[in-house]
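Protein sequence lines correspond, in order, to chains A and B. First residue of the first sequence? That's 1 in this note's numbering, and the numbers climb one at a time after it. First residue of the second sequence? That's 1 in this note's numbering, and the numbers climb one at a time after it.
Each hint should be verified, as a subset may be incorrect.
Only pairs whose alpha carbons sit at most 25 Å apart, straight line, appear in this in silico SDA-like list of lysine to any residue [unchecked claim]: (1) Lys306/A <-> Pro46/A; (2) Lys64/B <-> Glu379/A; (3) Lys295/A <-> Glu66/B; (4) Lys143/A <-> Asp127/A; (5) Lys389/B <-> Thr377/B; (6) Lys227/A <-> Phe7/B; (7) Lys57/B <-> Asp127/A; (8) Lys64/A <-> Lys57/B; (9) Lys34/A <-> Leu391/A; (10) Lys22/B <-> Asp74/A; (11) Lys143/A <-> Glu120/B; (12) Lys65/A <-> Ile301/B; (13) Lys64/B <-> Ile52/A.
No lab work stands behind these hints, which were simulated from the structure alone.
Protein chains: 2
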Amino acid sequence: MFLNPHFAELQENYLFATIANKVSAYTAAHPENKIIRMGIGDVTQPLVPAVIEAMHKAVDEMAKKETFHGYAPDHGYPFLREAIRGYYAQHGVEVSASEIFVGDGAKSDVGNIVDLFSDENTVLIPDPVYPVYVDTNVMAGRKISYLDATEENGFLAMPDENVHADIVYLCSPNNPTGAVYSREQLQTWVDYALANNAVILYDTAYEAFISDADLPHSIFEIPGAKKCAIEFCSFSKTAGFTGVRCGYTVICDELVSGGVQVNRLWARRQSTKFNGVNYITQRGAEAVFTEEGMKQVRGVIALYRKNAEVMVDTFREIGVWFTGGEHSPYIWHKVPDGMTSWEFFDYLLQKAEVVGTPGSGFGKNGEGYFRLTAFGTLENTAAAMERIKRLLRAR
Amino acid sequence: MFLNPHFAELQENYLFATIANKVSAYTAAHPENKIIRMGIGDVTQPLVPAVIEAMHKAVDEMAKKETFHGYAPDHGYPFLREAIRGYYAQHGVEVSASEIFVGDGAKSDVGNIVDLFSDENTVLIPDPVYPVYVDTNVMAGRKISYLDATEENGFLAMPDENVHADIVYLCSPNNPTGAVYSREQLQTWVDYALANNAVILYDTAYEAFISDADLPHSIFEIPGAKKCAIEFCSFSKTAGFTGVRCGYTVICDELVSGGVQVNRLWARRQSTKFNGVNYITQRGAEAVFTEEGMKQVRGVIALYRKNAEVMVDTFREIGVWFTGGEHSPYIWHKVPDGMTSWEFFDYLLQKAEVVGTPGSGFGKNGEGYFRLTAFGTLENTAAAMERIKRLLRAR
Numbered sequence: 001m002f003l004n005p006h007f008a009e010l011q012e013n014y015l016f017a018t019i020a021n022k023v024s025a026y027t028a029a030h031p032e033n034k035i036i037r038m039g040i041g042d043v044t045q046p047l048v049p050a051v052i053e054a055m056h057k058a059v060d061e062m063a064k065k066e067t068f069h070g071y072a073p074d075h076g077y078p079f080l081r082e083a084i085r086g087y088y089a090q091h092g093v094e095v096s097a098s099e100i101f102v103g104d105g106a107k108s109d110v111g112n113i114v115d116l117f118s119d120e121n122t123v124l125i126p127d128p129v130y131p132v133y134v135d136t137n138v139m140a141g142r143k144i145s146y147l148d149a150t151e152e153n154g155f156l157a158m159p160d161e162n163v164h165a166d167i168v169y170l171c172s173p174n175n176p177t178g179a180v181y182s183r184e185q186l187q188t189w190v191d192y193a194l195a196n197n198a199v200i201l202y203d204t205a206y207e208a209f210i211s212d213a214d215l216p217h218s219i220f221e222i223p224g225a226k227k228c229a230i231e232f233c234s235f236s237k238t239a240g241f242t243g244v245r246c247g248y249t250v251i252c253d254e255l256v257s258g259g260v261q262v263n264r265l266w267a268r269r270q271s272t273k274f275n276g277v278n279y280i281t282q283r284g285a286e287a288v289f290t291e292e293g294m295k296q297v298r299g300v301i302a303l304y305r306k307n308a309e310v311m312v313d314t315f316r317e318i319g320v321w322f323t324g325g326e327h328s329p330y331i332w333h334k335v336p337d338g339m340t341s342w343e344f345f346d347y348l349l350q351k352a353e354v355v356g357t358p359g360s361g362f363g364k365n366g367e368g369y370f371r372l373t374a375f376g377t378l379e380n381t382a383a384a385m386e387r388i389k390r391l392l393r394a395r
Numbered sequence: 001m002f003l004n005p006h007f008a009e010l011q012e013n014y015l016f017a018t019i020a021n022k023v024s025a026y027t028a029a030h031p032e033n034k035i036i037r038m039g040i041g042d043v044t045q046p047l048v049p050a051v052i053e054a055m056h057k058a059v060d061e062m063a064k065k066e067t068f069h070g071y072a073p074d075h076g077y078p079f080l081r082e083a084i085r086g087y088y089a090q091h092g093v094e095v096s097a098s099e100i101f102v103g104d105g106a107k108s109d110v111g112n113i114v115d116l117f118s119d120e121n122t123v124l125i126p127d128p129v130y131p132v133y134v135d136t137n138v139m140a141g142r143k144i145s146y147l148d149a150t151e152e153n154g155f156l157a158m159p160d161e162n163v164h165a166d167i168v169y170l171c172s173p174n175n176p177t178g179a180v181y182s183r184e185q186l187q188t189w190v191d192y193a194l195a196n197n198a199v200i201l202y203d204t205a206y207e208a209f210i211s212d213a214d215l216p217h218s219i220f221e222i223p224g225a226k227k228c229a230i231e232f233c234s235f236s237k238t239a240g241f242t243g244v245r246c247g248y249t250v251i252c253d254e255l256v257s258g259g260v261q262v263n264r265l266w267a268r269r270q271s272t273k274f275n276g277v278n279y280i281t282q283r284g285a286e287a288v289f290t291e292e293g294m295k296q297v298r299g300v301i302a303l304y305r306k307n308a309e310v311m312v313d314t315f316r317e318i319g320v321w322f323t324g325g326e327h328s329p330y331i332w333h334k335v336p337d338g339m340t341s342w343e344f345f346d347y348l349l350q351k352a353e354v355v356g357t358p359g360s361g362f363g364k365n366g367e368g369y370f371r372l373t374a375f376g377t378l379e380n381t382a383a384a385m386e387r388i389k390r391l392l393r394a395r
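Okay, chain A solo, but in the shape it has when bound (with noise of 0.2 Å):
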């Protein structure tokens, strides 16, 4: 057999092992201290009481003959592709059930995506950036181009008109830096990608902090982004579902590529690589777009979102630059002069013993900035706020 040499060209990512490694040092060294984490991206709040009824119920039609379901349509069962279809309606965007594929969570989708392009296809990747757009990538053995996201742009990457581009990906509200693409800068993407016969791979995946009603939730929102654009969304933020996996890709009939609808190729590549959601995962998701689902799902995005304010707050009060928070569960701040991220990290650490996540781990243009997320408690996160300020006041 012959491996994929592409593997090989990978950087290893040592990130988050290198950041459990150091929290773990410096708990056996200081047992008794509270340390304040707040640097994956995972939600702690359970899942909302409508979604475990649902669930529950789900179990129970398993347990019997008469409503046990074998296996699922490969892409989603028709109730929960149609509540879909409604909660985009809710955005203004008109897209059919068939359009909507259901699948185990945004980042497989993504993932997956890359076997419907070829791989003489230029990419373009914003930087920082989530790594999985990376990756993926060069396991395909593609060529990437990076795109700089920096404090001059506001971590909001712009088309460079003299740029050629096939692939373009996008993620907006962004993880890591949390800065949101406004109407226009999205038009001037999807104008973009139309000119130079580009797909953008949109990741909105943190839609549901967006708080601004003029904002876009979805890239459809922008005239012509049916024709350039694949969107990626999940129930991992929206609804607390990291562990249950659920998510969905929109591809509209009018993305062509010398006359093939894209969205077959999807269809046939989820067909035959994958084998649809688990039933009781997509009662569980249908019933967050119930009226007492979606009340219940903002009530906890409103928890997180409180935390995002105070830590808003405190970086405006103690004046560092920073991005994100108001429209997603992450802060992107810069870190004091003269420190890279990863001395920050360990300044942080061990003077206010809270946990981030260094900004140069993802990408260099990420290097003099830091993640924090609001996915604690407030009680944490108001005490991790006050370490900080103390912190930074007194430099």
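Based on these hints, arrange chain B on the given structure of chain A.
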């Protein structure tokens, strides 16, 4: 964007769609008649009580902050990997938990494993075959050689020492034929793979149907296999998880190519393009391996096996050549002289109101054969066999 050109080389598989259309047309014309369906390989019995109980408990854990589970480990929870390790040990196979990767089903893993190999490999696939092996390699643009499985070799193709291959797909107990490799036959395959530096992708999703203690459940029962095989297994047929989605892939540390441990590549592939299996599902899967769970799932398999026995007895009695049925939920039988598989499909539908699957849908060597499944009820299976007996005896 440039699309993957190899999708255009895929054959559209209309097999199950055509069956559905023909059955609908017949039902519309004869609404009062009772058709017995033995076409689709999906289970019909509900999940067993031990699994249901574990799932309800896990759902309750997800409802409370103290016991909520976010992101699962990418390669499976230790409790499940350890339970699978114990199951292997029962068959005398020593693998470590770290060599076991939990995924969302054998189809996904068998499909996604192609990511690990370069496109220059020569792939050897028996015909007839589970279409996923073929289609995933066509998508990747690989050269495929076919190996004839026929009545002469009992639909158990053996290697040709003069033909080199890099990747070999084997499925035992086989889908669609139900044939099972003996220990000696698998040893021949392992020896071939070792001599050719090839990897055997071994699909053993139906291993729980093996009733003869001399037949191997796992390729790792064969000396040398750890150095040349990857094994895929699933809870789908073992525990009725077709709608739940859980499986596992075993890659031993001994499988090395060019100095690289292949399981490190799979670990990286899964960490990059997959985000772990649902916590509730993993708790359900764990329950399969408890004493009670194992007793219960064996009870369900005994029901399906009883159906298969009735089928085996019928085909023996009427003297029609067949394979499968003894260690498999599938019977693969010869159609009457002069008929194609599809002609027999129509004949059986119209004269006996029984639905099966034309063998030609699984490859050219399937022409003239027909697949029937044992996943129905005993009552329906017995009634179908009576109808087939009358029909074929009358010829």
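Going through the hints against the structure:
Taking the CA atoms of Lys306/A and Pro46/A, the gap is about 17 Å. The hint holds against a cut of 25 Å. At most 25 Å may separate the alpha-carbon atoms for a hinted pair to count; Lys64/B and Glu379/A meet this at roughly 18 Å. The hinted pair formed by Lys295/A and Glu66/B meets the criterion: a straight-line CA distance of about 22 Å does not exceed 25 Å. Among the hinted pairs, Lys143/A with Asp127/A is consistent with the structure: their alpha-carbon atoms are about 15 Å apart, no more than 25 Å.
As the CA atoms of Lys389/B and Thr377/B are separated by approximately 18 Å, the hinted pair is consistent with the 25 Å bound. Under the criterion of a C-alpha separation no larger than 25 Å, the hint pairing Lys227/A with Phe7/B is consistent with the structure, at around 20 Å. Simply put, Lys57/B and Asp127/A have alpha-carbon atoms about 43 Å apart, too far for the 25 Å limit, and the pair is violated. For the hint pairing Lys64/A with Lys57/B, the CA-to-CA distance comes to about 18 Å; that is within 25 Å, so the pair holds.
A threshold of 25 Å between alpha carbons decides the hint, and for Lys34/A with Leu391/A the separation of about 16 Å falls inside it, so the pair holds. Simply put, Lys22/B and Asp74/A have alpha-carbon atoms about 22 Å apart, close enough for the 25 Å limit, and the pair holds. For the given pair, Lys143/A sits about 20 Å from Glu120/B by alpha-carbon distance, which is consistent with the 25 Å threshold. For the given pair, Lys65/A sits about 15 Å from Ile301/B by alpha-carbon distance, which is consistent with the 25 Å threshold.
Taking the CA atoms of Lys64/B and Ile52/A, the gap is near 10 Å; set against the 25 Å cutoff, the hint holds.
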